[in-house]
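If you're matching positions, the sequence shown starts at 1 in the working numbering and goes up one per residue.
Hints in this document: simulated from the structure, not taken from any laboratory. Hints are supplied without guarantee of correctness; some may be wrong.
[Stated by the list, open to error] Restraint-style ranges between C-beta atoms, simulated for each label pair:
| id | residue 1 | residue 2 | range |
| --- | --- | --- | --- |
| 1 | A291 | G123 | 20 to 30 angstroms |
| 2 | K189 | H303 | 45 to 55 angstroms |
| 3 | A413 | A194 | 50 to 60 angstroms |
| 4 | G120 | V70 | 37 to 47 angstroms |
| 5 | V327 | P184 | 20 to 30 angstroms |
| 6 | Q214 | G380 | 26 to 36 angstroms |
| 7 | F37 | A299 | 21 to 31 angstroms |
| 8 | A194 | K285 | 13 to 23 angstroms |
The C-beta atom is built at its ideal place from N, Cα and C for all residues, glycine as well.
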Amino acid sequence: MPARLSRTLAAIATTVALAVTAPVASAAEQAPADQHFTGTLADGATWIADVPGNWNGTLLLFSHGFGPTVAQDAPSAAARTALLAEGYALSGSSYDPNGSMWALNSAERDQFATLDAFAGTVGRPSRTIAVGQSMGGLVNAQIARDGAGRVDGALGLCGLVAGGTDLDNYQLDAEHTLARLLLPGEQVKLTGFATQEEAAAIADRLTAAVTAAQTTPQGRARIALAAAYLNLADWAPGQDRPAPTDFEGQEQQQYAWLAQGLLSFIEGGRYAVEQSAGGNNSWNKGVSYAALLAGSAHAPQVHALYRAAGLSLRTDLAALTASADVVADPAAVRTAQRTSSAGQGLSVPLLDVHTTADNLVPVEQESAFAARVEASDDAGLLRQAYVERQGHCAFTTAETLAAVHAIDRRITAGHWGNVAEPGTLQRSALALNLDGAAYLPYRPDALTVGRTATRHSH
1 MPARLSRTLA AIATTVALAV TAPVASAAEQ APADQHFTGT LADGATWIAD VPGNWNGTLL
61 LFSHGFGPTV AQDAPSAAAR TALLAEGYAL SGSSYDPNGS MWALNSAERD QFATLDAFAG
121 TVGRPSRTIA VGQSMGGLVN AQIARDGAGR VDGALGLCGL VAGGTDLDNY QLDAEHTLAR
181 LLLPGEQVKL TGFATQEEAA AIADRLTAAV TAAQTTPQGR ARIALAAAYL NLADWAPGQD
241 RPAPTDFEGQ EQQQYAWLAQ GLLSFIEGGR YAVEQSAGGN NSWNKGVSYA ALLAGSAHAP
301 QVHALYRAAG LSLRTDLAAL TASADVVADP AAVRTAQRTS SAGQGLSVPL LDVHTTADNL
361 VPVEQESAFA ARVEASDDAG LLRQAYVERQ GHCAFTTAET LAAVHAIDRR ITAGHWGNVA
421 EPGTLQRSAL ALNLDGAAYL PYRPDALTVG RTATRHSH
């Protein structure tokens, strides 16, 4: 064999041997690894971030809802997994851990500080989308108002966008109704709780009164009146939606919400809001409970149940108005207006998504928010979409991702087009083949609240 051919064959053999024996890197080893970051802000708040190896350059800044001040960067574990898989980076803060769980005094500031921390630690994103859920939806609306140059767009999920004072006022109306009509003669403290335990005890007392009242037609009529003031949905989990004229069925489902501990959440929330505001920011002195009911979408139900029970609605409404004597602390109202309101304007596009039967943050809050945005001449920046489902923040992962994609496309295009239309969102969500979707055309009723923070009683 010629020497040249021999050397060539030997080289080929060596190459083949190396090809067979050399370790081959797996796809996981070749792909950049996901990274998790954490840090502490100036006020003691913590921030976290998750950055996928295939980061697409977009950061989602997540504002979490009411509860323990623990940093979160996604609305759910399933949404986090799906968003990271799509290349989105995620970040969010705890808010100031030293104050109230109604952390509106620090939340927006801490979220902006989180953006700075992310940029200094990870790098500056090419695009930032603010996302907020529940109470964090209110924070998110503030960011959409104030965040020009820092965020490019915003997505609100089940947001408490009517603000803290509207919330406490319509809840006070419902609490006043339950206390005055179901516990006549008792002096039930409804504001100014000294401790969380005091708030919990009042919630237990009112819940027991509701449970007892449900056993009589008169009690059920009065529960329906309180539910109207609470803007409480009449479609509860695990049940079929009652017909528009099935007034008894509507009340039974409103009672189901109340019996499941809703009042405990309301009273605990009031304690936290008052902690944050430095006093009571709600009032009912001077409120006409007849006029308030007349503006409620639930008025026909209330009238029908009162007639069936043989009760005088006029007498009860007059008693509620005459005994309404709660006066707000003006300083607390001013503080809540400064820290716990939104809707005075928008500086970036905002898409709000809400379930149609939300027991904790009524979908009617979106009507109040839209009116304020429109009054600021920023209606063109706002779109609102609705999911037909019972429960607070009860979105599927597909619905959440479709909403993220919609605001992302709005930022890219510079105009809304049809990206936030219910049909587009539904098709986008179903195309993900995840866990279903129920976007639909919907227009919420007006929020039953009857007064504004700028015209409160002293």
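Consistency of the hints with the structure:
Range check, A291 to G123: about 56 angstroms between beta-carbon atoms, so the 20 to 30 angstroms window is missed. About 31 angstroms separates the C-beta atoms of K189 and H303, a value inconsistent with the hinted range of 45 to 55 angstroms. The beta-carbon spacing between A413 and A194, approximately 53 angstroms, falls within the hinted interval of 50 to 60 angstroms. A beta carbon spacing of about 22 angstroms between G120 and V70 contradicts the range 37 to 47 angstroms that was offered as a hint.
Taking the beta carbon of each, V327 and P184 are about 22 angstroms apart, inside 20 to 30 angstroms as hinted. Between Q214 and G380 the beta carbons are some 46 angstroms apart, a value that contradicts the proposed interval 26 to 36 angstroms. A hinted range of 21 to 31 angstroms for the beta carbons of F37 and A299 is inconsistent with their spacing of about 52 angstroms. Distance hint for A194 and K285: a CB-CB separation of about 22 angstroms, consistent with the stated range 13 to 23 angstroms.
Taken one by one, the earlier hints fail for this structure at numbers 1, 2, 4, 6 and 7, listed in ascending order.
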